[in-house]
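Engineer: Taken in order, these protein sequences are the chains called A and B.
Going by the UniProt record's numbering, 187 is the number at position 187 of the first sequence; the sequence numbering is gapless.
Going by the UniProt record's numbering, 90 is the number at position 90 of the second sequence; the sequence numbering is gapless.
No wet-lab data here; the hints were simulated from the structure.
None of the values given here were measured: they were computed from a predicted structure.
Check the hints yourself; a few may be wrong.
To be verified - Some residues of chain A that are not near chain B, with every Cβ distance over 12 Å (derived):
hint, residue
1, Asp66
2, Glu135
3, Asp230
Said to hold, decoys possible - Quick look at which bits of chain A chain B covers, simulated, 3 or more residues with Cβ under 8 Å:
hint, region
4, 158-165
5, 201-209
Glycine included, every Cβ here is placed at the ideal spot set by N, Cα and C.
Number of protein chains: 2
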Amino acid sequence: MQNIHQRACRKIGKYLKIYSDIFNSRLLRETTVQRRKFTSSSPKMAPRNSPRNLRVLLDMDGVLADFEGQFLKNFREKYPQDPFVPLEDRSGFYVTKQYYALGQDIGTKAFGIYEEKGFFLSLQPIEGAIEAAREMADMEGVDVYICTSPIKKYTHCVVEKYQWLDKHLGKEWMERMILTRDKTVINGDLLIDDKPNITGGMSPPQWQHVLFTSWHNRDVTLQGGQVRLDGWLPHSGWRDILERKRQEINK
Amino acid sequence: MQNIHQRACRKIGKYLKIYSDIFNSRLLRETTVQRRKFTSSSPKMAPRNSPRNLRVLLDMDGVLADFEGQFLKNFREKYPQDPFVPLEDRSGFYVTKQYYALGQDIGTKAFGIYEEKGFFLSLQPIEGAIEAAREMADMEGVDVYICTSPIKKYTHCVVEKYQWLDKHLGKEWMERMILTRDKTVINGDLLIDDKPNITGGMSPPQWQHVLFTSWHNRDVTLQGGQVRLDGWLPHSGWRDILERKRQEINK
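With the sequences and hints as input, model every part of the structure.
Structural biologist: Below you can see the structure in the form of structure tokens.
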């Protein structure tokens, strides 16, 4: 029990130290701000409280790139005689799981569709995604990263994800690219992703999960601190979600 | 000035709240530990303080894979008449920069060496690296990730990095792989990397930088919280660095 008291006292002591640090740094910051007034050209964000940049992690498949639509198109073209799952009947994150339920061979065929050379590069951008990503990246005080998980048969997938970015957003977007099977260890404020349950080595993750609506997750109930984003069109409210979070991290 | 006082008082108030939380959670934890004594089979780590896992990020080139050695070998084989930089004369992180100093054409040739198909897959493991990585991954309370930056001409590099992992550590290591040009946003406790200055979107990063000794960084002075690791052989002390950090994050 004595330990607990000691620990609390140390904590309080530490924060009395921080109290003096705040005092000193505030003085320092005020000096800096005075200087900035004369050197910087009308920044969009007030430098007064030195807000830090909001880090937004954007998933690719199902958020920027239309994985589901291309998958169905290719499947129906390649196997016109086989049963398929219309987009409006999709449920569950893994499309192949639903196809396996139609038969072992159908599941295997489904896997083959997105393991094929060219599949990931051929994905069409989701409506408004490219414009939104560009606008976001241009926002002052916002850092955008692409945070995407390659499939296990990575042979074509990993390079095509880079090529897709090149093609639709430009070569310089490679600097923002993060390929990882575990997104929990990426240090963002928001992760915009269509996968409902994202788990990994870090629990809880640093980021808040923005569940991006896709055919397969329309009926999923939000959990924890999740919020939902229904698309990239102007009325979807993505800017509000970013703005709220930016205020939250800087308050 | 009054604001500063208010802020400090709020901080102290907050930590008085934490004080009571510590008290409550300690009681809760003690109950849990009691239960564990009868249910868990002799864990290597005492569960008493519920320590969290240490996250170690391992760079590939220059840490697991011998980039410098293979580069020089290929360069000399391909351009036997051209000047080159012996390993013991290497300085500066970017090998091509030093080759450009020998002539524009030499620099261009140097670039070509590691942009060639097969280069990244052909790299030899650094002595002891594979054994150390395996041992680390098997350690209780340690999570290992591979954290590596692809070169800008990513065509062969990205897929070969995955293939290299497959070949030397096994398919399941793909789950640990993080490809990123910005390592500062990866949430680790230690980053073992041979690049002396690692900057990016997050400053300071979450991790402590363990500078892995390479020909090009032997004479670099450590800065900030950096520590140095001279190799993967038993006497190099990598286990001590991990153990110290694990204690630090759980104290």
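Engineer: Now look at each hint and say whether the structure bears it out.
Structural biologist: Structure-based check of each hint:
Listed as outside the interface, A:Asp66 is consistent with that label: its C-beta sits roughly 23 Å from the nearest C-beta of chain B, beyond the 12 Å cut-off. The beta carbon of A:Glu135 sits about 18 Å from the closest Cβ of chain B, which is more than 12 Å, so the claim that it is off the interface holds. Listed as a non-interface residue, A:Asp230 keeps its Cβ farther than 12 Å from every Cβ of chain B; the least gap is roughly 27 Å. With 3 residues having a beta carbon nearer than 8 Å to a beta carbon of chain B, the region 158-165 of chain A meets the requirement of three or more and the stated coverage holds.
Interface restraint, the region 201-209 of chain A with chain B: holds (3 residues with C-beta to C-beta distance below 8 Å; minimum three).
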